[in-house]
Amino acid sequence: MTTDSTDCCKATDSTASCKACPGTDLGLFYGAFLLRIWLAVRTIQTGLEKYVGTVGSDQPVAIDGKPNGYGLTAATNLKEYALSHYHGVPEGLFKKFATEPLMRLPAPIETGIKECYKSLGGKFSGEKLADAPAAWAKFLEEPVMLNIYNVVLGPALLVLGFMILFGIASRTSLFLLGLLYISLTWGLILIKEDSGIAWLGIHMVLVVMALMLAKYNRLCLLKKW
Amino acid sequence: METPPSSINRRDFLAKTAVGVGAGLVLGTPGLLRAATAGSPSNAINVALVGQGKQGQVLFDAMRNIPGLHFQAVCDIWDYNRKGSVGRVTSLQKHKPKAYSDIDDMLATEKGLDAVVIATPDFWHSPHTVKCLEAGLNVYCEKMMSNTIDGARAMVKAMEKSGKLCQIGHQRRSNPRYRFTLDQLINGSKICGQIVNVNGQWNRAVKSSQNIAYNPNLKISQDILAKYGYKDMHQFMNWRFFRDLSGGAISDLGAHQIDIFNWFLGTTPKSVYATGGNSYFKEREHFDNVMALFEYDTPQGQVRAFYQVLTTTSAGGGYWESFMGTEGTIKISENSAFTEIFKEASPAPKDPSAPQPDKPIPLSWDRLVQRGLLGRKAATWVAPAAGGVVDSRVSAPPEGFSLPGELNKPPHQPHLENFFAAVRGEAKLTCDARHAFMSEAPIYWVNPSALSQLPIVFTPEQLSV
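Protein sequence lines correspond, in order, to chains A and B.
Residue numbering for the first sequence follows the working numbering, beginning at 4 and increasing consecutively.
Residue numbering for the second sequence follows the working numbering, beginning at -8 and increasing consecutively.
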């Protein structure tokens, strides 16, 4: 843990002219800490929810307190976290974004990627990569930008969330989180989701407030940046 | 697999059908046949699939999750179906089954078969089933047993002569929802009170009733078509519309549901009066819509049942069977969305499960819900708004309830599981050929009644083997 040691009043100073030391203003520290925790929880849990799936299970119906002998079942759906459930952009939104022309790479870049791929011995079957591993195919097939975003979004939320939580380069991690919210906002502008845009706008205000309060941060693993 | 079926001879059957209660006893106690352990060393049941068209595929999909089956051979006269079946089986069990175009070749060649699943067109059911039973195989055969009542009779006789199992594909008989409804709600709790009417229907839209097309490049040669009883490829694809090959819509769709009428009421009807016509599909030999009225004498009293099958409209809520009683109504369907239970807003009967039967304790539907025998569901019939009453004698709206659970398998799977469990000697058939015949026999008289426009009062001979 490090603390700010810039020139400022010590707790014992009685000089009225000196400035309050950032690390010693308890109210501002609490404010910075609460906002940091809030943003971290919001970000981490949002990232975790990208790994959520539903697992159905059928339980025998109980009659007179015992499982029935007929084979009647009642379905129950259980929420489950697993890597295999990962979905960066929810399916419904993904389909909407996939039809957006701005989600496609500019033609010269797309052609360049394909040529590069071919020069490395890769083959195409129509628009599909015929022999690429599935993971690579996800990245390289159109809509390329959306595919990349889909893969990156969840891990990015988790990494930034934990950075903010543990105070690792707080200013930079908050700035990156702000950029991430801007990217989400751009997507929602494309599909005209105005309420979502306003919602993200509130998040941006909170990020900016957190940046303004960053100098009052304590309990940081990496104070620098 | 050698346990013989219980012998119900013709004299016994005549006596029982002459008295409704007797027939009820027979229909109400299905499951007479049980086989010994399957014979293959690994204890897997060696199965042949005969007829691999659409229904054959439905049955195969229902068998995918049944353990201990080995699909040894497939048989279909159409190489398109046959190749598809070989592919599906190979994909499932990782090795190819033997493929045959002719069932006689298959029976002559294949050794070690335990069972055969037959899903050929109706007019082949009886010849194929009889051949297989005579070859010592246990048979699961799709319903309708045959396109003729004599064909169905031959199947019963072959089953009883061979001592092998013959399950008929009235799959609702093994469906937990239906078995629970009959055992616990109708017979156990008697929530319907006295059942006085039964309604059933299968309404299907014109779009779902069109001729089945085929790719001319996949056409079967005329020689083969003729050998197996088809005039041409159109008839092969659309055999359900021809009188020599099928019983028509009342057989295709109605047989399942009229079987439920008979099973739940525990008896067979004493008469039928039907009407039918070609209102839309005028070129078809069979009627495109049929309406039939059956009259029953049950231990509780008279019951009138109405059944309609329409291939020209889906209006009216799909397919279901509704048992309407003085105290409540159970409208049941294989599709849970069509299933509803209503409690009449009238005085309740005695609770048959009450500890002191001599004291008139009302049947408490709330108690049935607490026990888990019923669920709650909003009734679809609601009271008219104030001032909107049509007649002062309009009944109060009933309360809505539901079945407490669902079937979490393909609809045919429990029936096939029952068959294979019986082959292993672990269960009794829920719909052997004898019981299926007793339930199906009245259905063979629906088309004659409609054609003659006359009611038919059944004689014991008409309904007996």
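Be careful, since some hints might not be right.
Label pairs and their computed distance ranges (CB to CB) [what the hints assert, rightly or not]:
1. Met148/A to Ser327/B: 40 to 46 Å
2. Tyr71/B to Val44/A: 55 to 61 Å
3. Val55/A to Pro290/B: 38 to 44 Å
4. Asn188/B to Asp61/A: 31 to 37 Å
5. Arg107/A to Ala328/B: 54 to 60 Å
6. Glu103/A to Lys210/B: 43 to 49 Å
7. Pro158/A to Ala369/B: 42 to 48 Å
Hints were generated in silico from the structure; no laboratory data involved.
No residue lacks a Cβ here, since even glycine has one placed at the ideal position from N, Cα and C.
So, against the hints stated earlier in the document, which numbers end up violated here?
The structure breaks hints 3 and 5; every other hint is satisfied.
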